[in-house]
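Visitor: So you can see what is in the structure, the chains are spelled out below.
Protein chains: 2
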Amino acid sequence: MGHGGGGALSAELMTEVFAPAYGNDILAVLGDSAVLPLGGARVAFSTDSYVVRPLFFPGGCVGDLAVNGTVNDLAMSGARAAYLSCALVLEEGTELAVVERVARAIGTAAEAAGAVVATGDTKVVDAGHGDGIYVTTSGVGLVPDGVDIRPQRARPGDVVLVSGPVGLHGVAVLSVREGLEFGVDVVSDTAPLGGLVAAMLAATRDLHVLRDPTRGGVAAALNEIAAASGTGVVLTEEAVPVPEAVANACGFLGLDPLYVANEGRLVAFVPREHADAVLAAMRAHPQGAGAAVIGECVAEHPGMVVARTGLGGTRVVDLPVGEQLPRIC
Amino acid sequence: MGHGGGGALSAELMTEVFAPAYGNDILAVLGDSAVLPLGGARVAFSTDSYVVRPLFFPGGCVGDLAVNGTVNDLAMSGARAAYLSCALVLEEGTELAVVERVARAIGTAAEAAGAVVATGDTKVVDAGHGDGIYVTTSGVGLVPDGVDIRPQRARPGDVVLVSGPVGLHGVAVLSVREGLEFGVDVVSDTAPLGGLVAAMLAATRDLHVLRDPTRGGVAAALNEIAAASGTGVVLTEEAVPVPEAVANACGFLGLDPLYVANEGRLVAFVPREHADAVLAAMRAHPQGAGAAVIGECVAEHPGMVVARTGLGGTRVVDLPVGEQLPRIC
Chain A
1 MGHGGGGALS
11 AELMTEVFAP
21 AYGNDILAVL
31 GDSAVLPLGG
41 ARVAFSTDSY
51 VVRPLFFPGG
61 CVGDLAVNGT
71 VNDLAMSGAR
81 AAYLSCALVL
91 EEGTELAVVE
101 RVARAIGTAA
111 EAAGAVVATG
121 DTKVVDAGHG
131 DGIYVTTSGV
141 GLVPDGVDIR
151 PQRARPGDVV
161 LVSGPVGLHG
171 VAVLSVREGL
181 EFGVDVVSDT
191 APLGGLVAAM
201 LAATRDLHVL
211 RDPTRGGVAA
221 ALNEIAAASG
231 TGVVLTEEAV
241 PVPEAVANAC
251 GFLGLDPLYV
261 ANEGRLVAFV
271 PREHADAVLA
281 AMRAHPQGAG
291 AAVIGECVAE
301 HPGMVVARTG
311 LGGTRVVDLP
321 VGEQLPRIC
Chain B
1 MGHGGGGALS
11 AELMTEVFAP
21 AYGNDILAVL
31 GDSAVLPLGG
41 ARVAFSTDSY
51 VVRPLFFPGG
61 CVGDLAVNGT
71 VNDLAMSGAR
81 AAYLSCALVL
91 EEGTELAVVE
101 RVARAIGTAA
111 EAAGAVVATG
121 DTKVVDAGHG
131 DGIYVTTSGV
141 GLVPDGVDIR
151 PQRARPGDVV
161 LVSGPVGLHG
171 VAVLSVREGL
181 EFGVDVVSDT
191 APLGGLVAAM
201 LAATRDLHVL
211 RDPTRGGVAA
221 ALNEIAAASG
231 TGVVLTEEAV
241 PVPEAVANAC
251 GFLGLDPLYV
261 ANEGRLVAFV
271 PREHADAVLA
281 AMRAHPQGAG
291 AAVIGECVAE
301 HPGMVVARTG
311 LGGTRVVDLP
321 VGEQLPRIC
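Residue numbers (my numbering), protein chains in the order written: chain A, 1 to 329; chain B, 1 to 329.
Mixed in with the good hints there might be a few duds.
Short, incomplete list of chain B residues facing chain A, as computed with Cβ under 7 Å [to be verified]:
| # | residue |
| --- | --- |
| 1 | Gly4 |
| 2 | Leu36 |
| 3 | Val51 |
| 4 | Tyr83 |
| 5 | Ala118 |
| 6 | Thr122 |
Please keep in mind that the hints were generated in silico from the structure rather than gathered at the bench. A virtual CB, placed ideally from N, CA and C, is assigned to each residue, including glycine.
Looking at chain A on its own, in the form it has when it is part of the complex:
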């Protein structure tokens, strides 16, 4: 299970198995989406499979999650999703009403993101060999001229921003998971981020890095950026917006909110001179109302993320090894 968790084991699978097998360097960029030359334009292209359990959770379902996830991966390159594909693997015996509900969620989420579901596929597997519905979305969108957003572009001096409170998606899914149900008033943050990114780009085209902290949470996102860019990251732990209900649930479950998945948040590395303008643009957008400065990019400890704790100390924020929260997306 750890190999699917978005942590060190996932990264190892990518660098040790898939990158050599596929024989190319584009995958090695390890961004959320690939930016590719096609027909004279720069096209962002991304895919993700969604195997979340249960299919429906407070604030969303596998359908909107799959749309928002791919829309957001494209947004992390600065692209607005133009077209989406949607491939469903249905488990034999899944009620048609469930399929219809997920399909409607897909359509509604695509419309909200301004994207068109242009092509699809449906396969059916034997009863017991699935979990109702697995959804795989892919998407394409144009990267605007002059925009070059990727993990390698983090620079010492960059200000690190987060677009809102963290940990909501992971805690919302766990709160209704069979065998782990607990009463908590938390709703997933699943949302499309293309509009927020467009607003940030209106403040400056020179955004260095964007990343949506999904599997592995903010901790994994920052570690991947530090590794890709060869810089260090210093996180101000108490500046990270953690809702009280998330903090309580994490305390109860023995989780660190920094490692919990989000599906409607982004972290941004922004040149210091543009940070105020970008933060203001974020706060003026519904998806960025809770935006905050949470740290900075430094030349020290390259590849490493360090948190300044409330007590004045520091601690290393590692890449999670395996799966803290299985089947969260």
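Fit chain B to the given chain A structure using the hints.
Guide: Here is chain B on its own, set in the frame of chain A:
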């Protein structure tokens, strides 16, 4: 299971559930890939999930099948695949050696098709909730200027061609399926068709329809074209190239070779004046060496496919209702 079989139930799911839920007309074209305006170019975009059982079969595996399937869907719009995405759902406990073998097959098949695997994803589901590996590929490619290939363009007078012997993939998979093993020397035809289509387009840009007869076989492909174009199709049954081993296996299993899946074949509707040139171009290409004229497009019985039998009679070739061969791709 029938809803995933590529027959009437699959079509019903598409028109009754997904098209209204996704709220767009592009899906309604029901071609193998969507052709979309993007950045001033026409981009073909397609996706398919592969849940074939077993993962490895004579002539291929789920990895090359997934690459060739999407490459071929793009080719059916006249596009060469430029970039592919590849999302894997792994079952917990699947041996790493199996994952590596499938990944290598993906890389090798992409290289053979001249495409780059540009982005990917891996999820892991609990043991028992998968079948080793499900692979979902998507692809994008440019449609050349002046090319407009889609099912709606079939016209009375068009000549119907097939690129080679039919039924090999389905019989090859069945021949090694647990519980159904039978000795037969048949190898899947899984292959990329982008090069063959380029050779056909060099003979004429005015190809009307291309379709790869996968799930539901040649019968389903012809029925979909007849329905989309409002024309009739007359098939000369004895002109369809059916290898003896396929005929024997189908006899043994009670299957009609016209309904058996292919993964490296295409059917083409070509204006009569270009048919000889296209047939010659096909036969000169390795993937089209066994090409043959198998019928014609007519104004009579619109939406219906009729076979002229060897005895001089005719019979209706229906769209299969459900699943003749489950989990074949």
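Visitor: Now, for every hint given, state plainly whether the structure supports it.
Guide: Going down the list of hints, with the structure as the test:
no. : hint   : result
1   : Gly4   : 3 Å, holds
2   : Leu36  : 5 Å, holds
3   : Val51  : 5 Å, holds
4   : Tyr83  : 5 Å, holds
5   : Ala118 : 4 Å, holds
6   : Thr122 : 6 Å, holds
When the structure is compared with the earlier hints, no violation turns up for any of them.
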